[in-house]
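Since the structure of chain U is already known, use the hints to place chains Z and R on it.
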Amino acid sequence: MITRPKVLLPKDRFFGPEARQKEIAQHLYASVAQLPLICPHGHVEPRLLGDPDYSFGTPTDLLLIPDHYVFRMLYSQGIPLERLGIPRRDVRESRPNAEAQVEQDHRRVWQIFAENFYLFRGTPTGIWFTHELRDVFGVEDKLTGESAQDIYDQIAACLAMPEFRPRRLYERFNIEVLTTTDAATDTLDYHRAIQESGWPARILPTFRPDSVVNLNTPGWGKHIETLGEVSGIEAVGYQTFIQALESRRAFFKKMGATATDHAAVTPYTTELSPQEADVIFQRALKGQATAEDATRFTGHMLMENARMSLEDGLVMQLHPGSYRDHNILIYERFGIAMGADIPVATEYTKNLHPLLNKYGNDTRLTLILFTLDETTYSRELAPLAGHYPALRLGPPWWFYDSPNGMVRFLEQVVETAGIYNTAGFNDDTRAYPSIPARHDLWRRVTCNWVAGLVARGLLDMDDAGEIVLDLAYRLAKRTYKFE
Amino acid sequence: MITRPKVLLPKDRFFGPEARQKEIAQHLYASVAQLPLICPHGHVEPRLLGDPDYSFGTPTDLLLIPDHYVFRMLYSQGIPLERLGIPRRDVRESRPNAEAQVEQDHRRVWQIFAENFYLFRGTPTGIWFTHELRDVFGVEDKLTGESAQDIYDQIAACLAMPEFRPRRLYERFNIEVLTTTDAATDTLDYHRAIQESGWPARILPTFRPDSVVNLNTPGWGKHIETLGEVSGIEAVGYQTFIQALESRRAFFKKMGATATDHAAVTPYTTELSPQEADVIFQRALKGQATAEDATRFTGHMLMENARMSLEDGLVMQLHPGSYRDHNILIYERFGIAMGADIPVATEYTKNLHPLLNKYGNDTRLTLILFTLDETTYSRELAPLAGHYPALRLGPPWWFYDSPNGMVRFLEQVVETAGIYNTAGFNDDTRAYPSIPARHDLWRRVTCNWVAGLVARGLLDMDDAGEIVLDLAYRLAKRTYKFE
Amino acid sequence: MITRPKVLLPKDRFFGPEARQKEIAQHLYASVAQLPLICPHGHVEPRLLGDPDYSFGTPTDLLLIPDHYVFRMLYSQGIPLERLGIPRRDVRESRPNAEAQVEQDHRRVWQIFAENFYLFRGTPTGIWFTHELRDVFGVEDKLTGESAQDIYDQIAACLAMPEFRPRRLYERFNIEVLTTTDAATDTLDYHRAIQESGWPARILPTFRPDSVVNLNTPGWGKHIETLGEVSGIEAVGYQTFIQALESRRAFFKKMGATATDHAAVTPYTTELSPQEADVIFQRALKGQATAEDATRFTGHMLMENARMSLEDGLVMQLHPGSYRDHNILIYERFGIAMGADIPVATEYTKNLHPLLNKYGNDTRLTLILFTLDETTYSRELAPLAGHYPALRLGPPWWFYDSPNGMVRFLEQVVETAGIYNTAGFNDDTRAYPSIPARHDLWRRVTCNWVAGLVARGLLDMDDAGEIVLDLAYRLAKRTYKFE
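Residue numbers (our numbering), protein chains in the order written: chain U, 526 to 1008; chain Z, 526 to 1008; chain R, 526 to 1008.
Just chain U, same shape as in the assembly:
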């Protein structure tokens, strides 16, 4: 019998090979490896933790179907999403036969994935997945077509055990606080259920009002109606709209939220008079808002949300620069977040000028900027964050949540903005069991980077020890006001 190849997950992984730097990196890593996880931004479904009967389903349900990092790569090599078991949303609408094309046999989906797992060589998704399989599910064999079904069995066996329920994993992962991301209209029932369950975990909502402030959101009118229902304030005009939003922010804050989150194609900001805002809002209610209306209103609402954050203390996050649903066919068949969101060049210096001049000098505001355009790290973001008291820089986002992406961030940001204008790490994931792998990657990469500074005489070990603690734990906790 042939021994199957084993996974590679060495203890000194992600550390540079030079002996002295590696020794320092290992020393630093030892001081942070076991710290609790601070998860201030992510996309885990609240239901996972709110519903005590929640089951992860099959290994394919848990690990493949919800993770666009995984299936986008397979799709890019010509494997249809239907063969990967991704449900079509257009089934009942117009194409009754579409459902038949979706693979229902999760073992077959897993087999396809395993046979193509080599595509992830050298990618962070490959690294997270390997880490996750071994450390969460105890898988020692390398994932290949040959080992696929045995590994499927092993994961499925785990998932049948009570120790693999979401709440037990939360404890095992040593999470100190985990935030979800929730629509402004969300009633936060699962959050309430968690709080009322007596389970002493800290699961907090985050207020994300995109679908009501971005006028070109599909179904915007419907969202505004819902906003009226859940807030008890019908948004018949701009003034009541603001009141409804403020009411929702207060509700989220009462439910534990410490932050809001905002997406926009650009970080454009502008200030409208209440009259101008109302005219646009009224046009939108009639379904007559123009593209320019939407742009200006979104830009104005970023400023309004900054103003509200000054007042209620919620930390404001801005995630601009994604051209969402670039592939229309995929959007129509499968919906949003299907791996077809593509970055565009993003400008911050001019776009944020109105907001920063009005609120950027006020230390009551914390505005965390993220980017999908790495050229802005050294050119715009670090100079801005190295000056305005209200600004902090979020960690490398999305495609850049990777060993090279993290190093590029650190090397291009820190020299100008320092460590202390950054916001530490967040995992930003919807792949719940990948959380420890992602934090571990960040901790290893930052320790190795700091070790490089020490090895080149740029930092002493005392400062290095402080920095790795800050990056691994303290900065996220402080910036998001979890203290």
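Worth flagging that the hints you see were computed from the coordinates, not collected in a lab. Please note that the accuracy of each hint is not assured.
With a straight-line cut-off of 27 Å between C-alpha atoms, the simulated BS3-like cross-links for lysine-lysine are [claimed, not checked]:
hint: 1; chain 1: R; residue 1: LYS536; chain 2: R; residue 2: LYS547
hint: 2; chain 1: R; residue 1: LYS531; chain 2: U; residue 2: LYS547
hint: 3; chain 1: Z; residue 1: LYS667; chain 2: U; residue 2: LYS536
hint: 4; chain 1: R; residue 1: LYS875; chain 2: U; residue 2: LYS875
hint: 5; chain 1: R; residue 1: LYS547; chain 2: Z; residue 2: LYS667
hint: 6; chain 1: U; residue 1: LYS547; chain 2: R; residue 2: LYS667
hint: 7; chain 1: Z; residue 1: LYS536; chain 2: R; residue 2: LYS547
hint: 8; chain 1: U; residue 1: LYS883; chain 2: U; residue 2: LYS747
hint: 9; chain 1: U; residue 1: LYS747; chain 2: U; residue 2: LYS779
hint: 10; chain 1: R; residue 1: LYS536; chain 2: U; residue 2: LYS547
hint: 11; chain 1: R; residue 1: LYS779; chain 2: R; residue 2: LYS1002
hint: 12; chain 1: Z; residue 1: LYS547; chain 2: U; residue 2: LYS547
Below, chains Z and R alone, put in the same frame as chain U:
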């Protein structure tokens, strides 16, 4: 007698200095160093290989005069192109004395070059040149003003020998397949001559229709006439133009072509109706096309060529982003490709949206994207190629075909798109004897980069061994359909 | 008694940890460490060296209040500039109480700085400061809240000694030539005083005409008046304006200037007819110039200054891409250069096309380009400088004058443009005692970078030795015509 300094070309060149990584790199390199060369995109003149009596001329004819990588650097330091023997194209037209300014003594040109060879310290051109002199011509002395004439003699002696005829070098270089780049109107006579000669080499044409699809090409009307002559289909309107193009594609395919190539200042794509396209085409025939007509027609023709590629299977290459002939004086005196083509910022996400939405999900299409704007590697190209089945990314192009350029490409592309959405290497050169040096550089740099992944625990040796084979040989062969 | 922590400033700092590369780096560094300093661009006040009675004042006066690199970081963390002793310029105008808010106790300012010095961990400002404290003032303790007052005492004691007068430091720093940056209207009295004092130092002015050529400069009309007074040529129209400028250039040249310097938000160039230029100039005199007028006039004046440089031989420097005074509140309270200048994306290929086509082929012109947009290094600047004889590239500017910034510059520029199209180093500082630290950083980083090329077999030691001399000393001296 003083010993002249010798060239530096150590066996472990381009590998990092750390012992373990270097050992891995050397091990990996040993597995790919001797593989045949796949040359799927380049600018070698077909006549070199098609005309059995072809002579390279003097060392200056072979190595300096045709290579704008070389003479641009000397020009930048104030040495007129005339002194470098570059022929003026304006001689007979208006300036009868211009010819007299062009240095005719190739030994003197070589002397100037040698005395200024220090300008290439730290550049890939310096590296290729040194490699080429030693490995192709056996030159052991460092090129300086003092050694210049002896080295000239040594190269000239080589060039007089039958072993240094182009076809013999093709065999010595271990080239498996070499493509040229040919105008849509080219009759491919040299390709036919090679095929009929019985010489068992694989020299294939590539279909490049820029001069007939870009309406602002100087002499466009003349090119359209020629297109009619060679295709037998007179392009009197848009419909016949398309028929003529399809006829040429079929001819190129019959002659062995597996690919097309397209340049444009931007990768802008748009779809015109046949009526709109015809209106613009008719205006162009009358010499009345506007700049906007040209932009829209080029954008439309990129889509049309993608449609044709779907149908005939020719791989489509797109090389955008060069501001050609930036220096008007140089263009007027010496013509095109004189080292004055300067990159501009390039946008792919929005520009390719029409093309990708129409054809990007179709696995019959292979569209290989190149860039002169490295900011798009991580921001646009890797996310696009990591999603759309039709897309692949070409290797670092032109100015980036260098040790640092290759590393930047790999580090910014692979984490998002993986190895398998790249198209391997191509040398893209018109400097025929530099081909082995360029492939060797790529192989060494990729092996060292992969060794770094292994040394940091990101890859196991089995995967590393596969990747270096893929990058050195298999990906180019597969992507360009040479299998 | 507890021993206080000592500063870290190892002899091998900034060199990579790998043994062989470090050995080469140290060997190379030994050959350049003691070379005199060439300072061809900077912002040291001429009064420092021109007024023999000049006193630096307190440690806070010298090291904190004038240095926006320092106080911007503290401000970004919520410390008001008033608490840092930064004088308000709006005191007498409208806010009589503003002055009271400015901390007058320089020991308290120093204490705040010291307690927050950890913010500079990993930044070049932290590195310069530490180097400066130890090597200029002999401070061995690490700067912390605890050591703050003792260090203050130590520096104050130094500053009271004659050896710490500016002229003595000039000699101790081994400066060979130092240029200042001076308005076109400056009478250069301090430069004259230096020349007449018999002190054999080489302190040269640089001609910076921004305030008279950029029509939207606050108080432009007043500057034009002053220009008339100092030149004796009243600028009543475009023609006399040019004459006045030429007269000032001649004066600066007579006073030793070898260069001019130009800032602009973009490097846009365009050529106006004398008539067009005069129409705009007349509108500006009446206070009626539009924003477009200002843009076109600035673009035209860049070309005019290039024309003048051809004629008088002054080296032309261009520093574009800064959005000055982004924070209006800070500008109104404290004035310009307060750490709120933020870079914007910058385009060179198209913008410089008019200027380069008119003057770029002329070897009498030297135009040194700088950038705050690192994406242009490989995409635009290196290809342009690797072609046009008139172009050279300035060293990494402002935010990029740092270990990583320098490496990015070298790695992205040299492969295309070579070493010899760069202009060596300049410290660009207004922080006089930081000059040796800045040059030392550059010399160490470049030696380590060159050592990396040697260690990877890309350069031999002879060439490496030449390059480090060029980068440390010769290129700046030659490019700025100090020979």
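Consistency of the hints with the structure:
1. Between LYS536 of chain R and LYS547 of chain R the CA atoms are separated by roughly 11 Å; this keeps the pair inside 27 Å, and the hint holds.
2. Pair hint LYS531 of chain R plus LYS547 of chain U holds up; C-alpha atoms about 24 Å apart against a cutoff of 27 Å.
3. For the proposed pair LYS667 of chain Z and LYS536 of chain U, the alpha carbon gap of about 46 Å is over 27 Å, so the pair is violated.
4. The hinted pair formed by LYS875 of chain R and LYS875 of chain U meets the criterion: a straight-line CA distance of about 21 Å does not exceed 27 Å.
5. Taken as a hint, the LYS547 of chain R and LYS667 of chain Z pair is honoured in the structure, with Cα atoms around 26 Å apart against an allowance of 27 Å.
6. A C-alpha spacing of about 26 Å is found between LYS547 of chain U and LYS667 of chain R, which places the hinted pair at or below 27 Å, so the restraint holds.
7. For the proposed pair LYS536 of chain Z and LYS547 of chain R, the alpha carbon gap of about 21 Å is at most 27 Å, so the pair holds.
8. Pair hint LYS883 of chain U plus LYS747 of chain U does not hold up; C-alpha atoms about 32 Å apart against a cutoff of 27 Å.
9. At most 27 Å may separate the alpha-carbon atoms for a hinted pair to count; LYS747 of chain U and LYS779 of chain U meet this at roughly 25 Å.
10. Distance restraint check for LYS536 of chain R and LYS547 of chain U: the Cα-Cα separation of roughly 21 Å lies within the 27 Å cut-off, and the hinted pair is therefore satisfied.
11. Between LYS779 of chain R and LYS1002 of chain R, the direct Cα distance comes to roughly 19 Å. Compliance with the 27 Å bound is thereby established for this hinted pair.
12. For the suggested pair LYS547 of chain Z and LYS547 of chain U, the alpha carbons sit about 17 Å apart, so the restraint of at most 27 Å is met.
Taken one by one, the earlier hints fail for this structure at numbers 3, 8, listed in ascending order.
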